[in-house]
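Build the complex: two chains, separate frames, hints provided.
Listed below are the residues making up each chain.
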Amino acid sequence: MGYERETVERFIAGGMDVFEQVVDRNKEKILRLCYRITGNLEDASDVSQETFLKAYLARGRFRGNSSPDSWLYRIAVNQCYDFLKKNRKHAWNRSDAEAESSSSGNPENRMMNSEIRREIRKALLKLPRKQMNVFALRTNEEFSFREIAEILGISEGSAKVNYHFAVKNMREKLRGII
Amino acid sequence: MKCWAVSHIITDYIESGLGDTERLLVEAHIKECPKCRFEFQRQKAFMEKLKNRDGLNLEDGFWVKYKKELFEKIHGRTKNPLVVLREMFGNAWNRKIMYASATLVAVFVAVYFIKLTFRGEDYFVDYGQNASSNVNAEKLEDAKDAEDIEGDGKTDSQFRTGKGKTRERIANGDRDGRREARQVYGLEVSEKELETFRKTIKEIEENEEFQVDESASMLTESQQIDVLAQLINKKYL
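Protein chains in written order, with the working numbering: chain A, 1 to 178; chain B, 1 to 237.
With the rest of the complex left out, here is chain B (with noise of 0.2 Å):
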């Protein structure tokens, strides 16, 4: 055995830490070698300056008086029962709480997330993809919207579901008449489409076919929408 390997496990060896083989091979190796001999001693040594140097004398009675502090101290918390829960589950209990609240969190977020996107089929699609500058004049006529912008004495939400009036902001190339054919039917409407499709509508309601009476001549919403497909389908356009 080298002196290096006993340097290493020199320790074990005064321990009594080694098998029988290696404890066998470092007292021949110390037997020989004088440096590793004095290492071996003055390492025993210290050892044994380190051992029982606590220098703990304890009174009499201490351990009377030590019981007696203790179940006092026992009784005293295990009258609390926060104490006590928190002392049984301990970091466990924190983990739960913490990831319980994460959940809870992270649940939050995805319901918010999804919510905004079913909004936004119209929201994303229509306007999230356009340049950065609309998004806030958008988000204004949003906030318009919401409110009594025709004058009509209805709000959007009325607008909307109000009889007769989608048609004149499709006609108007509004973002509704897109975003219903797009709902209804996921195709792109541009500019020009819209142009055309105005036309139409125009030439559909000039008709005499729709010229019964004032209710008559206005086109409902599925039948808007049904010109609008026909139009793009037949590439009318």
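Looking at chain A on its own, in the form it has when it is part of the complex (with noise of 0.2 Å):
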């Protein structure tokens, strides 16, 4: 997640070519965090953008204390949070028919894979938050631990622990699903 010295001064400065590098280079990423959280296509999308502007209007709080990239992934997951809170009653059952259809594989494979994302997606919402916020930056993002504590602003140990019973916990509410 490293950036020069530089780069990041001219990020806090609102460079805009920074800011489009920033963009590009964590937008799928951000994208599919938000996705594995939303469920929706339309929705990840919102939150995704609604980061990286809230990103740019706040440059000037950032402190570079850690990357951008991890100050970024921050954001996402508050946005990420903040979205669930608004949508509490309805946000897991928000489908996404678009990916569900265009995704590979027979009708039924599909039509099983959809339900399966959809139970892992009610068990992932059901997690504490800190729970819920390891585990979709580990298994979806692959990142590392201690990415993963930087990003939350949490000890390494701490996410390790998280991450654990995050698993325990979503072995046991999709007992007979997966």
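What the hints contain is simulated information worked out from the structure, not anything from laboratory work.
Glycine included, C-beta positions come from ideal geometry on N, C-alpha and C.
Careful: at least some of the hints might be erroneous.
[What the hints assert, rightly or not] Some but not every residue of chain B turned toward chain A, in silico, with C-beta under 10 Å:
#: 1; residue: 9
#: 2; residue: 10
#: 3; residue: 49
This is the structure:
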């Protein structure tokens, strides 16, 4: 997640070229992370764009203690959480027909995959916030625990423990499904 | 290594999150223990299934559209100075406003109480410590004070500053007498003391020295207080 000091300073100063560089570098990962939590491409797109927008407007508050990428992921995680709070009742049920129909395999498999995805999301959203964040970052983007710790502002040990319990909880919740 | 210990770190082992020593210990245990080996295989299969299941397939040109929308949003938002300010300061700005408001309220409350305290050497000391039943009556009296209670065309404030009138009030055991004595000398004045004081004032006034003319017969306020203080200090009472 390394940037040169000069690049970070230009990012803080508001250089649009640097910002675009940051967007290009992270847009896919951020979108996937948001998709993992929102379960809907349209929502994921909105939430991820809101993340970049927030990062651009609040770049003056970036202290440079962590890399801009980690800071961006932290904003994304918080944005996803805000989204879930706003859509608490229906969040788990927001399916994405477009993404499901375009996934590969025969219709039966697609249906099964989409059901499994929905159940996974349902179980994920029932996890405590920290476990959910660690789990989403680890399973989706395969961040190292050190990176996850940096993103969420927790210790590496805490990231590991939360991941362990998240997997344990997910296994219990998805027993008989996968 | 025991089975319960392995079960606690099996996730880290699968995710390659263990140090060399622990990893070797877990590997050795899994080889020997069929129960833990079965658990390890199940856990690994489960975690594999969880990964890469987002099913996200993006159409061509998605990112072009995405970036266009994003930069349009940025240009739209940056036109509104209020939004820019809010985003720049965010929660810190809200916190500052909150602290400033709280400080302002605290200052107002403090000033109010300080004012009340100063007014009230009379208010609290004279009356506040009395029985609560007297408080309302005293408030009523205060309210009346603002009006012309003597019927001589003078309000209470005029009365207090007016020449000679305070003497009468002191002599009548009025609170002003007590208050002034207390303010100047920090002395408690009892009913008995006031009674004696009234007599003394009467004696002084009846004395010929004070009967030169009408205006001379009036003791000034400082004279009245001096008399009261002398009486108390000399244990006259």
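Each hint, compared with the structure:
1. 9: 8 Å, holds
2. 10: 8 Å, holds
3. 49: 5 Å, holds
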